[in-house]
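Student: Chain by chain, the residues run as shown.
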Amino acid sequence: MENHLLSLLIWLPIVAGILILGAGDQRRAALARKLALGFSSAVFLLSVPLYTRFDTTTAAMQFGERARWIDAFNIHYALGVDGISMPLILLTTLLTVVVVIAGWTATPKRVAQYMAAFLIMEGLMIGVFASLDAVLFYLFWEAMLIPMFLIIGIWGGPNRIYATIKFFLYTLLGSLLMLVALLYLYHASGGSFSILDYHRLPLALAPQVLIFLAFFAAFAVKVPMFPVHTWLPDAHVEAPTGGSVILAAVMLKMGGYGFLRFSLPVTPDASHQLAWLMITLSLIAVVYIALVALAQRDMKKLIAYSSISHMGFVTLGLFIFNPRGVEGAMVQMISHGFISGALFLCVGVLYDRLHSRMIADYGGLAAPMPVFAAFMVLFALANAGLPGTSGFVGEFLVILGAFQVNAWFAVAAALTLIFGAAYTLWMVKRVIYGAVISERVAALPDVNGREMLFLGVLAALVLWVGVWPNPLLEVMHATIDNLLEHTAASKLP
Amino acid sequence: MTGIYTAIPLSCLAAALITGLFGKIIGRRAAHSVAIAGVAVAFALSVVVYADVRAGNLFNGAIYTWAVSGGVPLRIGFMIDGLSAAMMVVVTFVSLMVHIYTIGYMADDPGYQRFFCYIALFTFAMLMLVMANNFLQLFFGWEAVGLVSYLLIGFWYERDSAIFANLKAFLVNRVGDFGFLLGIAAVLYLFGSLDYGAVFAGADRVAQQSVAGPFGEWQWMTIICLLLFVGAMGKSAQIPLHVWLPDSMEGPTPISALIHAATMVTAGIFMVARMSPLFELSETALSVVLVTGATTAILMALVGLVQNDIKRVVAYSTLSQLGYMTVALGASAYQIAIFHLGTHAFFKALLFLAAGSVIIAMHHEQDMRKMGGLRTIMPVTYITAAVGSLALAGIPPFAGFFSKDAIIESARHSQVWGAGYAYTAVLLGVFVTAFYSFRLLFITFHGKNRSDPHIRRHLRESPWVVTGPLLALAVPSIIAGFLLFEPVLSGELLGGAIHIDPQHDAVAKLAAGYDGKQGFALILAALVHGVSTAPFWLAVAGIICAWYGYRKKPELPGKIAAACGPLYRIVQNKYGFDDLYQAVFARGSLRLGNLLSRRIDAGLIDDAVVNNSARVVRRCAGVMRKAQTGFTHHYAFAMIIGLFCLITLFVWL
Chain Y
1 MENHLLSLLI WLPIVAGILI LGAGDQRRAA LARKLALGFS SAVFLLSVPL
51 YTRFDTTTAA MQFGERARWI DAFNIHYALG VDGISMPLIL LTTLLTVVVV
101 IAGWTATPKR VAQYMAAFLI MEGLMIGVFA SLDAVLFYLF WEAMLIPMFL
151 IIGIWGGPNR IYATIKFFLY TLLGSLLMLV ALLYLYHASG GSFSILDYHR
201 LPLALAPQVL IFLAFFAAFA VKVPMFPVHT WLPDAHVEAP TGGSVILAAV
251 MLKMGGYGFL RFSLPVTPDA SHQLAWLMIT LSLIAVVYIA LVALAQRDMK
301 KLIAYSSISH MGFVTLGLFI FNPRGVEGAM VQMISHGFIS GALFLCVGVL
351 YDRLHSRMIA DYGGLAAPMP VFAAFMVLFA LANAGLPGTS GFVGEFLVIL
401 GAFQVNAWFA VAAALTLIFG AAYTLWMVKR VIYGAVISER VAALPDVNGR
451 EMLFLGVLAA LVLWVGVWPN PLLEVMHATI DNLLEHTAAS KLP
Chain G
1001 MTGIYTAIPL SCLAAALITG LFGKIIGRRA AHSVAIAGVA VAFALSVVVY
1051 ADVRAGNLFN GAIYTWAVSG GVPLRIGFMI DGLSAAMMVV VTFVSLMVHI
1101 YTIGYMADDP GYQRFFCYIA LFTFAMLMLV MANNFLQLFF GWEAVGLVSY
1151 LLIGFWYERD SAIFANLKAF LVNRVGDFGF LLGIAAVLYL FGSLDYGAVF
1201 AGADRVAQQS VAGPFGEWQW MTIICLLLFV GAMGKSAQIP LHVWLPDSME
1251 GPTPISALIH AATMVTAGIF MVARMSPLFE LSETALSVVL VTGATTAILM
1301 ALVGLVQNDI KRVVAYSTLS QLGYMTVALG ASAYQIAIFH LGTHAFFKAL
1351 LFLAAGSVII AMHHEQDMRK MGGLRTIMPV TYITAAVGSL ALAGIPPFAG
1401 FFSKDAIIES ARHSQVWGAG YAYTAVLLGV FVTAFYSFRL LFITFHGKNR
1451 SDPHIRRHLR ESPWVVTGPL LALAVPSIIA GFLLFEPVLS GELLGGAIHI
1501 DPQHDAVAKL AAGYDGKQGF ALILAALVHG VSTAPFWLAV AGIICAWYGY
1551 RKKPELPGKI AAACGPLYRI VQNKYGFDDL YQAVFARGSL RLGNLLSRRI
1601 DAGLIDDAVV NNSARVVRRC AGVMRKAQTG FTHHYAFAMI IGLFCLITLF
1651 VWL
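These protein sequence lines are chains Y and G, in that order. Using the numbering used here, you'd call the opening residue of the first sequence number 1 and step up by one each time. Using the numbering used here, you'd call the opening residue of the second sequence number 1001 and step up by one each time.
The hints are simulated quantities; they were obtained by calculation from the structure and are not laboratory data. Since the model is a prediction, treat every value here as computed from it, not as a measurement. Accuracy of the hints is not assured; some may be wrong.
Computed footprint of chain G on chain Y; a stretch qualifies when at least three of its residues, placed anywhere within it, have a C-beta under 8 Å from a C-beta of chain G [stated by the list, open to error]:
1. 405-418
2. 470-484
Here are a few chain G residues that sit away from chain Y, every Cβ distance over 10 Å (derived from the structure) [unchecked claim]:
3. A1051
4. P1463
5. T1648
Quick reminder that beta carbons are idealized off the backbone N, C-alpha and C, glycines included.
Please take these sequences and the hints and turn them into a complete structure.
Tutor: Shown next, in the form of structure tokens:
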């Protein structure tokens, strides 16, 4: 069992998802919910040993599994995790439990299918993070789109068809270019699909640049980076709450993960060559997107733009090539998973009650919903990067790292201190504070025990990472130091 | 001792958590008991620590490792020396008084427990700030006090003015923090550490380094100090980042006393004093500090003259006094700045709480024009307010006299660029300060009672929980000056916590003026010096003018205002800072955001590129579809044409 922990984490939720599909039509919704909660909790508990038994002293892959799969093309079923992928897997397993709890009553139709989609997606996402074989990685990467496509397309809002097609085409276009790059690497490496082989493969600058751009197409869309970000606000607005949470908390991280797993180690020279582009796009995301966020009237859109702006810190941190930047980027990814997830859940709590996401429909929530207000203010402040919350740690480290490279990068990035606070707290002012805007708002019930549970768990995590990020950073040091050392060495033949 | 150090902030944090999480369950009485107990413990232990420090026991060490980044450990830890110990005593004492006062002031408020949670949390954050031994924790405390300030300004969250003010306060502070954070990043970049010890030790080395920037070569030390000072300008409300402080008066009065007068707003002053080993190495930075402080001191005092809201007068007075402290910093008289910080904390908290006592009695009326004659009805409030005003005006032997006189003298002795301007500004400021503080006193407590008859019937002195803290604060407002004057002058008060370049040492020149007098002789000499120099007579003139204008000839101020016309309006409009910021930054960025959102995001990217590519595909498909008619003879005809073309092509070639 121990040797197949990763396989178990991938396949258990997928099998469970199929089981739930089999179990249920609408009449057995209660059973479907309980099964989903049971399995997702089990998967989370099973994933905990990844952290507790993780060896922080080595950069090598751990919990590895390897079996021959398609001999004709030398394709293997190869899994393993390091300090980059392990925290992201834990983020996935945790947020899936949260989403199952959050979706308990929010979905009136097709409960079993809804729960099954999330469980299957969980397995596929863990597969992406754990794959060490390019074909396996690619399969999980593409397969993951299908449940999300269905979640938005079936349980989404009125304009869901436009949003799903946009989401699908955007991501597919990028992914296909990545497939081309992987096939090139297969030939260049003399017939290997092992990702770790690609890390050691010498490449001339021209192919490196092309490969980098192909990967960029796939990962930049996922992050998303300016200017290929416009699918995200639409997808978020139309997605049901659970879909938004997983999308923001986990799926966006695939982009950052891809840069770390492929772009930096496979094409280090091209990464350095094109760092200016990445940094420019990241800083545009931080500043420009923040201004766009200020103008939003829909809470989900505002949080979506805020996500893009915060993910700008991830890509900035990665392409300044120092440990502070990269570790900051990693912490930012995890923290953004908690905070954006929590904020989307907050909007979900409101949407369940009033069926509106518009800021203008709310006002003065602090009076009828004081506990909810406390949570929302906490998450908003975390989103604004308040020290003591997880939102501060990543941004702080990235700004410190950027200053080492070029003080002006740090100046531009630090503008988020002002803009991030402006758009987030202005929303809080209009939604939470002020006089109660209408009788319907005055009559809103405060959060119930179930809602308190998932918001409380995320609040605890946000504060824990903010007050003591060391346990999170410790697991990354060896991997990231090794990665940076590797990236600093030229691969030119 | 480490246990005691840790217990001081944690007792406040524990109180905040208990009142915050279980306030509704344990009830009002238990909530205030817990909060007061927590802060009382912190105060008692702070006194113990202060005595211990005076006995020579310093501490500088880590509590836990927050994170390790790039091989550099970032730790949470304490630096206990004369500076931090003095701040701890001031903070916990004023906080304790405010906690007790709150029982009376907030008695009828539904958010009673929430309020105690916030002020206990504030005390925790402020203690972490002053006890820090590294920049990271300093920034933590810095932002955390800002957070609590945000929550407390918006305490009455149904009021539009309150939630406008708290957002404004947070954002303006964030502008300061923007500079502050970059300053911290620069420190880590140049020193390779965020610990004070390592940074101060490396200061001389970094002072040699410079970098090419706009307008030529820049000393790194100047850049660092200026960036850090931007942070101080935000928190300590110096021009041009001062606009949030007057609006912060939307918060309950105990908060105005604790956060927006006595402690949080002095965090910037404290920080610069803490960073004295760095600021001493940049004369440019010192000049900027000096000039900024002097400008704030005089301009804000003038605005204080034309306010009619009792709290706003005190608020502008706070701005002006913070300017005085900043002048002291710029003149390298750090211990004098901290001295004034301390005396000001006492007498300004006293004035705010006295104003609050009046406000409760007046049923939350704050307009002084509707008060008057309260002297006989509220004698304790009146006497304590008078003590506060005398201290603020700098009349000997009240506390403010010693500290303010020392600031003016050090500005006179300072050699850095702008010292002459600063000296003139703080000197004139004395007249204005005396004028506005006694204007307040005369309008509120003397003359005819102009209040609503309905309110007048219920007017009475406030309960003991309110007057008790007033009396307790009046004591140090009277005696803190002459008790602390000697240790300040000798440098004993802060011990080795600050560092002054011998060339800048204005305090040494000041002390030299008293040629080694000690004890009572020194105090006597200071008093004699005080009454024989200009500031004292300017203060007296200010009081007399206030008396003449508001007691003797009440019609005079209106006439003067009318005669000054435009000038009066400029001051009344607070020099237009608010309107400018509102138009340029608030509305400007919103308009820019709307424009970018509509034109670039929705217009260019989404419509012109994304959706348009879909439209182009559809249009092409629409044209090509027409060829697919489904009739066999059409396809056969097309085949023949095609074949014909191909054969022609082959033959041709």
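Student: Compare the structure with each hint and give your call.
Tutor: Verification of the supplied hints:
no.: 1; hint: 405-418; result: holds (count 7)
no.: 2; hint: 470-484; result: holds (count 4)
no.: 3; hint: A1051; result: holds (31 Å)
no.: 4; hint: P1463; result: holds (29 Å)
no.: 5; hint: T1648; result: holds (38 Å)
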